[in-house]
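Q: Using the hints, position chain B against chain A.
For the record, the sequence lines run as chains A and B.
Quick note: the first sequence uses our numbering, first residue 748, plus one each step.
Quick note: the second sequence uses our numbering, first residue 748, plus one each step.
Hints listed in this document are in silico derivations from the structure and should not be mistaken for laboratory results.
Treat the hints with care, as some may be off.
Since copy identity is lost for identical chains, a pair holds within one copy or between any two.
[Stated by the list, open to error] In the DSSO-like style, the derived pairs of lysine-lysine whose C-alpha atoms are separated by at most 30 Å in a straight line are: (1) Lys1376 x Lys1363; (2) Lys1158 x Lys1341; (3) Lys1341 x Lys1376; (4) Lys1318 x Lys1039; (5) Lys855 x Lys1189.
These numbers come from a predicted model, not from an experiment.
Protein chains: 2
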Amino acid sequence: MPDTIDYAGRPFDRVPFESVLRRRFFFTESFESYRQASGFKGDNRGLFDYGPPGCALQANIVALWRQHFVLEEEMLELDCTALTPEDVFKTSGHVDKFADWMCKDPVKGEYLRADHLVENVLEGRLKGDKTARGIAIKQEEKSADAKKAKTAVKDVKAVKLDDNTVREYEEILAKIDNYDGEALGELIKRFDIRNPDGNNEVQPPIPFNLMFKSSIGPSAAAPVYLRPETAQGQFLNFRRLLEYNNNSMPFASASIGKSYRNEISPRSGLLRVREFLMAEIEHFVDPLSGKKHDRFDEVKHIELALLDRDTQLAGQTGTVQVPIGSAVERKIVDNETLGYFLARVQLFLVKIGIDIKKLRFRQHLANEMAHYACDCWDAELLTSYGWIECVGCADRSAYDLSVHAKRTGEKLIVQEQLPSPLKVERWEGTLEKKKLGPRFRKDAKFVEMAVSELDQESLEKQAAILKQEGRITLTSPVPLADGSATLDIDSDILTIEKVTRIESVREYVPNVIEPSFGIGRILYSLLEQVYWHRPQDSARGVLSLPLPVAPTKVLIVPLSSNTAFLPIVKKISQRLRAIGVSSRADASSASIGKRYARNDELGTPLGITIDFDTVKNGSITLRERDGTKQIRASEDEVIDAVKALVDGTEALEEVFSRLPEFTGQETE
Amino acid sequence: MPDTIDYAGRPFDRVPFESVLRRRFFFTESFESYRQASGFKGDNRGLFDYGPPGCALQANIVALWRQHFVLEEEMLELDCTALTPEDVFKTSGHVDKFADWMCKDPVKGEYLRADHLVENVLEGRLKGDKTARGIAIKQEEKSADAKKAKTAVKDVKAVKLDDNTVREYEEILAKIDNYDGEALGELIKRFDIRNPDGNNEVQPPIPFNLMFKSSIGPSAAAPVYLRPETAQGQFLNFRRLLEYNNNSMPFASASIGKSYRNEISPRSGLLRVREFLMAEIEHFVDPLSGKKHDRFDEVKHIELALLDRDTQLAGQTGTVQVPIGSAVERKIVDNETLGYFLARVQLFLVKIGIDIKKLRFRQHLANEMAHYACDCWDAELLTSYGWIECVGCADRSAYDLSVHAKRTGEKLIVQEQLPSPLKVERWEGTLEKKKLGPRFRKDAKFVEMAVSELDQESLEKQAAILKQEGRITLTSPVPLADGSATLDIDSDILTIEKVTRIESVREYVPNVIEPSFGIGRILYSLLEQVYWHRPQDSARGVLSLPLPVAPTKVLIVPLSSNTAFLPIVKKISQRLRAIGVSSRADASSASIGKRYARNDELGTPLGITIDFDTVKNGSITLRERDGTKQIRASEDEVIDAVKALVDGTEALEEVFSRLPEFTGQETE
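Excised from the complex, chain A in its bound form (with noise of 0.2 Å):
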């Protein structure tokens, strides 16, 4: 892509680029027809359809992704359900915890999503107070306009604001995802923040849960949820995973599906929608272990642009170029595993084609983690909307295991033999048996578990009590056939004793690295940023796609509509079938110009013209999009440098200049 029309050194117009992708069809939003149908009360944003080349897309994407992470690293790939029983999702957290924060505002009874919405007033009144000093705007900044449409200041009111308070907003800015509900109620206040459409006054802010419910069987008893992530389907399957990769430590997990979330008011198109589709690994490591990776010297090299928490703590958003090795090292970057991952995911990103320059790493803030996450950082492309979460690398340390663990009863642990034998001393809670069943009858199993989950800390604690009370009373871990929720149990039944076994197995809780990537995002991230337009025209946009996500590798033209070219057509269409090569034929009656235009802003990388020469001779044309540039030799010859251009064995250049030039000019 010539670098004058770059996104960075000339403004990217968001119009002809969205003009593109609808006259192209690479998606559409779902249920236009309905949303425009008269009668129509349902709600259709945030839900996207893909048509052939967004989906061709789609899957070049997925299939790389599988192929840099599942078969380079042998994870063991899963597919599991959408629907999830609420149990499981309480017991994760994501029934009390997953939830936005919104804001209605009574007059218009609509909601807003309390953290964009202050976001988008305080960013309006720092462009008036600009436009009032008379500074000019950049670029990344008038683009934010665009991003909460329901939200957004239209009309920017020049008022200059005194040096401080552009200050305060600006702190506020850089930390605006470390706030919560009580926090933004409190900013809304304090800068009597209303909605911009229509100035009124907005309610405090409530929580909002993301997760879409239904229920499931002809009873309407049981709840489920979609999920809203593919991660808890992993973790459920923990056991049988370790089992089989043959009880050895670490292993990855990986799953590739669609995950759901209701997000309050979905906007920017493909950015924020309530169906996704995701790609996600937990990687199972030792806690002990220092989560070191063993193939982290073969990446720690790599420079990675890191945004770190303190510094945007600091009010800053600048990034700094490390190594990953020195930024695990410094412990900017907390461990070996997630540093690898970081590493590798940017390996990812610039395999298919994302511009190494529009790439940032950004570690969260404290509030702004998910409830599981201890840290966090993501993997940001910068687009027309601003910086764009896209890959998220959480350390979920033991938390999931645990819950689920702790929940179901299941050991979601290894078992590690130890070199040597080891003494260890600990508190142990002993049943006696026969007493338990006759006094506590059905509750009785409640009692060995509430007994069974005790820790080393609680296990003292309450052998004290137990000899000075004679009893300890214990919260059942369901609700008891009585109502109640505690459990008193006598010392008659129950005697806790510090012991010293001899322990040839260690027993520990993996933690989880989980890398996990929405596939929507990037796929438009990466669409704005390889889309150009040819110089002498605006009109002609490109797609630089790379050949290996691009939909259609060739576009096959035959001059005109001859008819002597339709069995070469044909031919040349089936011998690139038969080595894997998808191409696509375009006999209409438009100018050969005309079509080549048409397939450039399809991404197609490769052209193939048939004209009387060919009839005559054999020999054919190739042209590559990006340059334009045509090559001519015989159909063996080209076939086998598409072949070589596919598998990567031959580079773009080296195939335009080993091969004669043509010169035929392209007609419009």
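A: Just chain B, lined up with the frame of chain A:
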């Protein structure tokens, strides 16, 4: 697979088979640990997770499907959302009609699917009759026992029935899919059919809608359903698809994705599930073309086993073997396009490893068809559960496009340039626009819609009424602001006349032929059909999956844990990866025989052994799974042979007769 232990020759035993699938983690019940946990009140039935081999097998079947249908026939692939606004399924008829009949057992409080209840009880009685008469029960009938876990008759009472009753029961069972709720209710009464589990009487059948319902957005005012099929998204994108296809007909769209059905009482493992992967094709065709297909000649010689409607209504289940060309000629199968797809479906199923002797095509009975279908043939696969519907090929006529166009006002039609202009007479209604607005205000658009929706017959009828009464009354397409549903239109506003037009464009609504694949059912049936065990040892199961679908193509086994083997294992694994062949190394301490046995259960077709001769002279052995024959050759020769086998350029027999046999014993 030796014939002697073929399913047909030797009874298929589901117990060891299921044990293999579980042990090798092909798939597993989702949320199993939750179902087993105390206090769990949810419902996980009909939900399954695929483990690594199941996931790879599924991905390979899908990849072959895409190659066989989408690429080979240049279909336009789409990826649409599962979340669908209620309005769409109201229009499509699913809200009203996509239901099964169920009976409540008021004592147990459980719901039973009505047709399954009747089927099971009558089958049980027939079996009791056979026992009483001393007739041996066939394997197929025996295995039907396990078909419905909940309602199955466990203990067959040996009660002799009179000959007329036997005939009557058999006839009912042959057309069990043809009964609606009322008819099922009558059967239940007439034959005193009760819940086999407890012998309670059941209440009359009531319909239960099979779609999962949720709501979208923060206000809960917008109901959505999870799609029960991928088809609607394809219909709603018809206009865009046609445009993408340069307005040329016929063409097909295709979609691979998850669908959801809230089955009343899921059972039979993967065969009746609530979340499943579908692959669907919608082939759009001109209804006046006679539904001809221009590649029909390529398939017309292919013989299919057909079971048509008349045969079933006569209470018979025998198939006839007919070339599809002759079946279409004799109108057994309605048209070429439907016939073409039946043949292509058979080719696909055989390609992935289905036994052609265990495949039949059965025509739907009238009441059995989905509400949108006018004809339907199922590809059914024989398993231990009986004949299972795996692919449905329905002729949906113009149903879906018509109803959506009517509801939304979007024209879902094809405009075809006529070779020469045609003079046509037709009725047309014309509205006096100037009076329309003032009189009807915001209902004016509904008047326009109501008039535009009148077909030729209605227009003629209304013209007479308008002439006689000076006014007509039409139903509004949506309820009006004042709550009424009808529109009174006077003759000063509306004229209806017969006019003559010269038309150069013909407009028509395409018909749709839909082959719809249940990937999970195909996958399960395939696994059953390729399962057998070594004659000498019933515990040594083998899955004879063909190379293209096998989860892993090559197992690499070093003779022992000797460190000299490790770099060779690594090198061979890298070489295989480079040529795109998935392999798995097993360097565990188990014997070579054990390791091969493990991978026979995983269906791994090829095995490479590395031993001390490899270290000395670089030669390795190659083993084929089904016959356990081994050859020995240089690393290069073996890798080349593997590539030829995977690419399909050489057959197994060729490779194993061409290279020198190795007779070193497999050691247990």
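Q: Please work out whether the CA atoms of lysine 855 and lysine 1189 approach to 30 Å or closer within one copy, between two copies, in both situations, or in neither?
A: Between copies only: 22 Å across chains, 54 Å inside a chain, cut-off 30 Å.
Q: Given identical chains, is lysine 1376 near lysine 1363, meaning Cα to Cα at most 30 Å, within a copy, between copies, both, or neither?
A: Within. Shortest intra-copy distance 23 Å satisfies the 30 Å Cα cut-off; inter-copy 52 Å does not.
Q: Can you tell me if lysine 1158 and lysine 1341 fall within 30 Å by alpha carbon in one copy, between copies, both or neither?
A: For lysine 1158 and lysine 1341, only the inter-copy Cα distance (28 Å) is at most 30 Å; the intra-copy one is 64 Å.
Q: Check lysine 1341 against lysine 1376 for me: Cα-Cα at most 30 Å, and say if that holds within a copy, between copies, both or neither.
A: within (16 Å within a copy, 58 Å between copies)
Q: Please work out whether the CA atoms of lysine 1318 and lysine 1039 approach to 30 Å or closer within one copy, between two copies, in both situations, or in neither?
A: between (54 Å within a copy, 25 Å between copies)
Hint violations for this structure: none, all hints satisfied.
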